[in-house]
Amino acid sequence: MTSKRFVLTFPPDATGEPITYNLIKKFDIMVNIVKADVSPGKIGHLVMEMSAPARVLKEGMEYIRQKNVECEPIDKKIHYRDDLCIHCGACSAVCFAGALTMGRKTAELSFDPDKCVVCELCLKSCPLNLFSIDIG
Amino acid sequence: MSKKRSVEEINEKIRNGKAVVLTAEQVSAMGKEMTPAEMLSRVDVVTTATFGPMCSSGAFINFGHTTPPMRMEKLTLNNVPAYGGVAAVDAYIGATETAMPHDNYGGAHVIEDLIAGKDILLQASAKGTDCYPRTEIKTLINKNTINEFIMFNPRNAYQNYNVAVNSTSKIKFTYMGTLLPAFGNANFSTSGELSPLLNDPEMRTIGIGTRIFIGGSTGYVAWNGTQFNTGKPLNEHGIPVGNAATLAVIGDAKQMSTQFIKAAYFEKYGVSMFVGIGIPIPVIDEDIARRVSIRNSQIQTNVVDYGSGNFEILERTNYKLLFSGEITLNGKKIRTAPLSSVKVAREIAEILKKEITEGRFFLTEPVALFPETKGLNKLEVRI
Chain E
31 MTSKRFVLTF PPDATGEPIT YNLIKKFDIM VNIVKADVSP GKIGHLVMEM SAPARVLKEG
91 MEYIRQKNVE CEPIDKKIHY RDDLCIHCGA CSAVCFAGAL TMGRKTAELS FDPDKCVVCE
151 LCLKSCPLNL FSIDIG
Chain A
16 MSKKRSVEEI NEKIRNGKAV VLTAEQVSAM GKEMTPAEML SRVDVVTTAT FGPMCSSGAF
76 INFGHTTPPM RMEKLTLNNV PAYGGVAAVD AYIGATETAM PHDNYGGAHV IEDLIAGKDI
136 LLQASAKGTD CYPRTEIKTL INKNTINEFI MFNPRNAYQN YNVAVNSTSK IKFTYMGTLL
196 PAFGNANFST SGELSPLLND PEMRTIGIGT RIFIGGSTGY VAWNGTQFNT GKPLNEHGIP
256 VGNAATLAVI GDAKQMSTQF IKAAYFEKYG VSMFVGIGIP IPVIDEDIAR RVSIRNSQIQ
316 TNVVDYGSGN FEILERTNYK LLFSGEITLN GKKIRTAPLS SVKVAREIAE ILKKEITEGR
376 FFLTEPVALF PETKGLNKLE VRI
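The listed protein sequences correspond, in order, to chains E and A.
For the first sequence, the tail end lands on 166 under my numbering, and the numbers increase by one without skipping.
For the second sequence, the tail end lands on 398 under my numbering, and the numbers increase by one without skipping.
Looking at chain A on its own, in the form it has when it is part of the complex (with noise of 0.2 Å):
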């Protein structure tokens, strides 16, 4: 039988100064020439990273009472509609929503004036009730008055992301970037070799109660992502093809930097924003240090046409050509571009890495496995 190794010795080794702690791109090099079973032998933890803008993200915010008190109904941040369908000085700020009719201003600069330091503008509307007779605020708040300003990202970290393309006549803006007419060019957004779920395609480590990195602070993987599939097809080296699983994620925004969350604005599209991710993945068997070892070439991914607007899938690519610069469709040249920075996932990777060697950073079994999906529902316009 093969060697194991748990989570628990893991910990200890790193507990003792003694892990063996690499980049995924590190042993993504290192598989070239290794075996697996030598891999396992040689390498404790992998770290992983991913930094794209993912615009299911926000932050639940706690603001404190006043006296008297309010339960805020209608409210915004900055000019930013918050949602406050929830208690009392409860409220959500979700990254995508703008203050209009300036939208290149939205949530996900709120979040990141907050993490700042900055004062933001609340205000707020309500009806007033017996217990909540005030009315009206309008008033300064920042991180250190608010009680609670906690991430919550429904679905980041794609398991794998189309690359978009543009068959039209005429330029489009898309929340894959300016796609430039007559396949102008071809925009990509992952991280690849280096990304999360790509390195534990299977989800045996990620699951449930993960610790990871988050915007620059430890958090948690909190449950399955949105829309998370784990029915699509998978290449030989069971990477599935095109968007798959997601995570949702929390952490405490008050400990996150801005250098790791960075509000973004796509022309005509809107806001979104760029979340840096980090997961360390335990090598504790042969198939998880075989994962570990995938590389760009064997990461496969569909071009679709996001230009005539039915989404056609054209071609399969993979990510060593994406990241050479250029990609061949129908005999024609096109120059390839990402969305999601490999700099900075790189950063993240190394960071984890450190504070892992340093013994600042233990890692976790999941608490719960994720689902198995067979395919996502579809809406369907019943009246």
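Extracted from the complex, chain E is given alone in its bound form (with noise of 0.2 Å):
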């Protein structure tokens, strides 16, 4: 079994097609939705965890780029300078996904990749410019 993250990119003229649920009823994947941002006449993003054998996971992706929808695996991820941070908190303001947050009693910033779901926010909101984009 193998657990991927992808960002599914549709286009503006998206057909419509229930994807998630084809990926799920005809490939037997298991879909895990991070973050979800479609609508009508706009490029539309969906974040999600796929997992399934290596193999019916590659005819996913292949089923989801033939209905002209980017797919492509987050290699992507959020590295931070945490020997220059001065733990102002203004990055855990905007970090929804609850991966970076203040430490209640030491006052230090601290950062759960796992919990990251690269929505990217911190990058603007660190007023230190400390966070940056690992494309893997």
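Calculated from the structure, these hints are not laboratory results.
For glycine and all other residues, C-beta sits at the position ideal for the given N, C-alpha and C.
Any given hint could be a false lead.
Derived Cβ-Cβ restraints for the label pairs, each shown as a range [to be verified]: (1) 52/E to 324/A: 40 to 48 Å; (2) 199/A to 73/E: 22 to 30 Å; (3) 95/E to 157/A: 53 to 61 Å; (4) 70/E to 115/A: 38 to 46 Å; (5) 35/A to 126/E: 53 to 61 Å; (6) 138/E to 196/A: 24 to 32 Å; (7) 115/A to 96/E: 41 to 49 Å.
Covered stretches of chain E (chain A as the covering partner; in silico rule of three or more C-beta atoms under 8 Å from a C-beta of chain A) [claimed, not checked]: (8) 119 to 128; (9) 134 to 141; (10) 150 to 157.
Straight-line distance between alpha carbons at most 25 Å, and here's what the computed PhoX-like set of lysine-lysine pairs gives [unchecked claim]: (11) 135/E to 358/A; (12) 135/E to 348/A; (13) 65/E to 348/A; (14) 33/A to 72/E; (15) 347/A to 145/E; (16) 135/E to 335/A; (17) 154/E to 369/A; (18) 185/A to 135/E; (19) 145/E to 369/A; (20) 65/E to 369/A.
Each of the two chains sits in its own frame; use the hints to bring them together as a complex.
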């Protein structure tokens, strides 16, 4: 079994085919939607984790791409310069995923990469510009 | 009559290595079980500190004269405009000024780079006069080539500050950080019970001439800060609710450290500067002993809507809740986040404590106390 996160990018004229439904029903892929922003007439994004044997996962990706939807694995990771961090907490304000949190006693920032959904809001919110994207 | 202690007595104890110095957080914890009288008899000095973004900051620089000399009129430092409308080779670089169109590099970055010892590109022009004939200059400067490099910040160390939330459906980028739509977060910016002016809210020991820690070196309170307001309503613990008093501070930037002066860029707002300030409070009487014992739960502030544009006050909260990571607004739980670093503020309070304990930092009595004000003037548009 392989688990991987993907970003699906829907074109503005996406046909409305129930892609997620088909991934589950036809391919038996376990799907966990992390973030979704899809509306008609606009480029849409869907971040989801897919779990299945590697071969099935590959077939699922091919199916998505046939539907004119981009499907890119998230090899991206948020990287941050903790050595330069002043622990102000500004990034924790935007981290709805709960990956960046302030220690109540320590007043220190901690980053849990497992909770990160790579929404990239921290990149803009850090006043010292310490966050960057690592492309895997 | 209750016991009193003079600043000179405290300094004598410091000289003899006998002063008891604690941080404001330590005395806040002790204050739960100790009366002000007991606190007064046991503690001589309380160190307070803050390390937050303070836009109203900057530095005066004297570049030294060239041969032939020049009266610099328009000038930039690493392409960031500095104010040259003072004497020939003096200038003021403001923290929030930016090098357009690259507005994420500004005066604060120039100041931090200078403190770090880096070379900075100075470009200046002038009309040329009989006494100052040079009209153009382009050269590199650093903190060793210039004469004075004096940090002068007209408004720092705000006594309390609003909590910012956003009621609208759009993300807002503000000087209070990124505010998520529909009350998605609440941002605040003080060090709470560790903050200088919250530990001496009536400013009985902090005034003009008070010796302080600023940016890693020793500096002074120069004056009351701009927008100084002692007219704010007080809560039952004598704490002004919302933005109140401020300090104008001065110090030798050549002696400062980039550990305690940090340039900042807030998305779609601009440049600001984190300034580290530490102020020792002499425990001169029971009243001050009671003030320094203030706890986060007793310090209140207003939750203000920064999204709608009218800055409506929505709620009153306290710093115990804010530091807990969650407040409740209209029955809904909202995540909170600080913008001011308590971690670095603690480091400053500890450094100051150590310097005083080891006899390297002595306390001052204010040369003059601050005025009382009755609120601020509004700017009317009259034409």
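key: Structure versus earlier hints, numbers of those that do not hold, lowest first   = Failing hints, ascending: 5, 14, 17, 18, 19, 20.
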